[in-house]
Amino acid sequence: MLIDAILLPAAMAAAAGLVGCFALMRRMVLAGDALSHVALPGIGIALALGIHPLFGALTMLFFGALLVWTLEDRTRIATETIVGVIFSAALAIGSMITSGEDLIDALVGHADAVPWPEAVFGLAATALIVWFIVRRRHELVLALVSRDIARTAGINVRRLDLIYLEMFALTVALGLRYLGILLMGSLIIIPAATAKRFSKDLTTMLVLAAALGAGATILGSIVALWLHRDPGPIIVAIAAAGFLSTTFRGAAGSGA
Amino acid sequence: MPSTPDAPAPPILDVRELSVAFDAAPVLDQITFSLPAGASLAVIGPNGAGKTVLFRALLGAVPHTGTVHWAPGVRIGYVPQKLDIERDIPITGRDFLTARLAVERDATERPDIAAVLRLVGLSEDTSRKPIGTISGGQFQRLLVAFALLGNPTVLLLDEPTAGIDQPGEERLNAMLHRLQQERGLTILLISHELTIVHAYATHVLCLGSGPAFFGPPSILTPDLLANLYREHVSVHAHTHAH
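Taken in order, these protein sequences are the chains called A and B.
Residues in the first sequence are numbered consecutively from 1003, following my numbering.
Residues in the second sequence are numbered consecutively from 108, following my numbering.
Calculated from the structure, these hints are not laboratory results.
A quick note: this is a predicted structure, and the numbers were derived from the prediction, not measured.
Glycine is no exception: its CB is placed at the ideal position from the N, C-alpha and C atoms.
Careful, some of the hints might be misleading.
Computed Cβ-Cβ distance ranges for the label pairs, DEER-style [said to hold, decoys possible]:
#: 1; chain 1: B; residue 1: R225; chain 2: A; residue 2: T1206; range: 41 to 51 Å
#: 2; chain 1: B; residue 1: P133; chain 2: A; residue 2: N1158; range: 25 to 35 Å
#: 3; chain 1: A; residue 1: R1161; chain 2: B; residue 2: G145; range: 33 to 43 Å
#: 4; chain 1: A; residue 1: G1086; chain 2: B; residue 2: L190; range: 42 to 52 Å
#: 5; chain 1: A; residue 1: A1243; chain 2: B; residue 2: V181; range: 47 to 57 Å
#: 6; chain 1: A; residue 1: T1072; chain 2: B; residue 2: S316; range: 53 to 63 Å
#: 7; chain 1: B; residue 1: L190; chain 2: A; residue 2: F1250; range: 27 to 37 Å
#: 8; chain 1: B; residue 1: R225; chain 2: A; residue 2: L1032; range: 39 to 49 Å
#: 9; chain 1: A; residue 1: T1061; chain 2: B; residue 2: P170; range: 27 to 37 Å
#: 10; chain 1: A; residue 1: N1158; chain 2: B; residue 2: F129; range: 17 to 27 Å
#: 11; chain 1: B; residue 1: K236; chain 2: A; residue 2: V1087; range: 33 to 43 Å
#: 12; chain 1: A; residue 1: L1032; chain 2: B; residue 2: L190; range: 47 to 57 Å
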């Protein structure tokens, strides 16, 4: 109970915080959030075919990330515009082919006992995401400061972009059960945004974002258990409250 | 096979008929030149002549036609012109330089960050500040430090002294010249400072609306400069003074 209801989601949230740091610094918050919508048609198709929704979501997210990656390179229309149009359409299509209760579950998550194969997948994917960010953080830093000088340092910037986007997509898929795809997008961004306000260097931001994501998830899960509610909205509300309190604190500080 | 003493050394960079076009509009047209190792090439020309695009094409960062051939084993250090860095991005100069060392595959000769910072005249305190908060001049020095950490054999510098104060500019130019002497570096420099071109360049490439000119600095005749810069008459007069 403790493991699948609190510790596993907390580990996933920590991974989401790490991924979010680079999403924020790469200015791809909107693209990342829109990418999460693409999971919905996949869930709808998977449910219609009678297979596990996670497979449908993962497949669609994989191709969604590939699409963003291709658009970034091949088109002169602003990526954000295309991403917004395509993924809003994905949300509409997903809504059409997914039934009412399933749709709400997919969007905002639900609290259930996690079958062990799903828990193992969650742990393995979390470990992979954390490993990627920690191991490749230096390359990610150079690519976000200047793609040209990253190239001169021997980094294959396009390949790094693709792997990062796929890790982002995997992070969204992780949140499917607890937070839903919409709220998982929030948990990627909000802890990182809060951490950015308190950080002067990269290590501080990464550690703080992971800790804030995990903290909000642990606290939100406990409150949800106590109130007998789904944890997703409570977790995101706590994370958002944390961010807003730092904003007001900052505003008060600057006004003093 | 013994080498012939009189045979010229193969060029470190050989560029043949390099052309770049954006949306079918030519930016660079049929550029051809080659440089020996240890040369200093000054690339000059008015704004919009394609100087930065040339550098990016040499790095393989923009699609082009023609050939760009670097000698085997060349290690390129690149100092870009200006970067759009968010002010509140929590990445310090140290993070940036540490990242450069961390991605280095050739660990045989690992430069010391503190030594490189001293070389470019950047303090430890400044290197620990977020890169979006330091001044333009300090950031340029950080970029030069970054380039030097890769143990380059070739440096591509796109207006490296833009935003640096006068003493800092002189110190940076002197440092680059000294490094070139000590390490036999090949330097490609985009500059609007014709005094620097005359002081340090061994070769000049002039880009403008017409055909490109390549040769020794002596090709920079008043007529050529007037034709290149058109309305920039002051540059013409400035060159005469030297």
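Structure-based check of each hint:
Look at R225(B) against T1206(A): about 26 Å separates their beta carbons, and that is not inside 41 to 51 Å. For the pair P133(B) and N1158(A), the beta carbons lie near 29 Å from each other, so the given range of 25 to 35 Å is met. Between R1161(A) and G145(B) the beta carbon distance is about 34 Å. The supplied range of 33 to 43 Å therefore holds. Taken as a hint, the range 42 to 52 Å is violated for the pair G1086(A) and L190(B), whose Cβ atoms sit roughly 27 Å apart.
For A1243(A) paired with V181(B), a C-beta distance near 54 Å keeps the hint of 47 to 57 Å intact. A beta carbon spacing of about 36 Å between T1072(A) and S316(B) contradicts the range 53 to 63 Å that was offered as a hint. For the pair L190(B) and F1250(A), the supplied restraint of 27 to 37 Å holds, since their beta-carbon distance comes to about 32 Å. At about 43 Å, the beta-carbon gap between R225(B) and L1032(A) stays in the expected band of 39 to 49 Å.
For the pair T1061(A) and P170(B), the supplied restraint of 27 to 37 Å holds, since their beta-carbon distance comes to about 32 Å. A hinted range of 17 to 27 Å for the beta carbons of N1158(A) and F129(B) is consistent with their spacing of about 24 Å. Taking the beta carbon of each, K236(B) and V1087(A) are about 40 Å apart, inside 33 to 43 Å as hinted. For the pair L1032(A) and L190(B), the supplied restraint of 47 to 57 Å is violated, since their beta-carbon distance comes to about 22 Å.
Against the hints set out earlier in the document, violations occur for numbers 1, 4, 6, 12.
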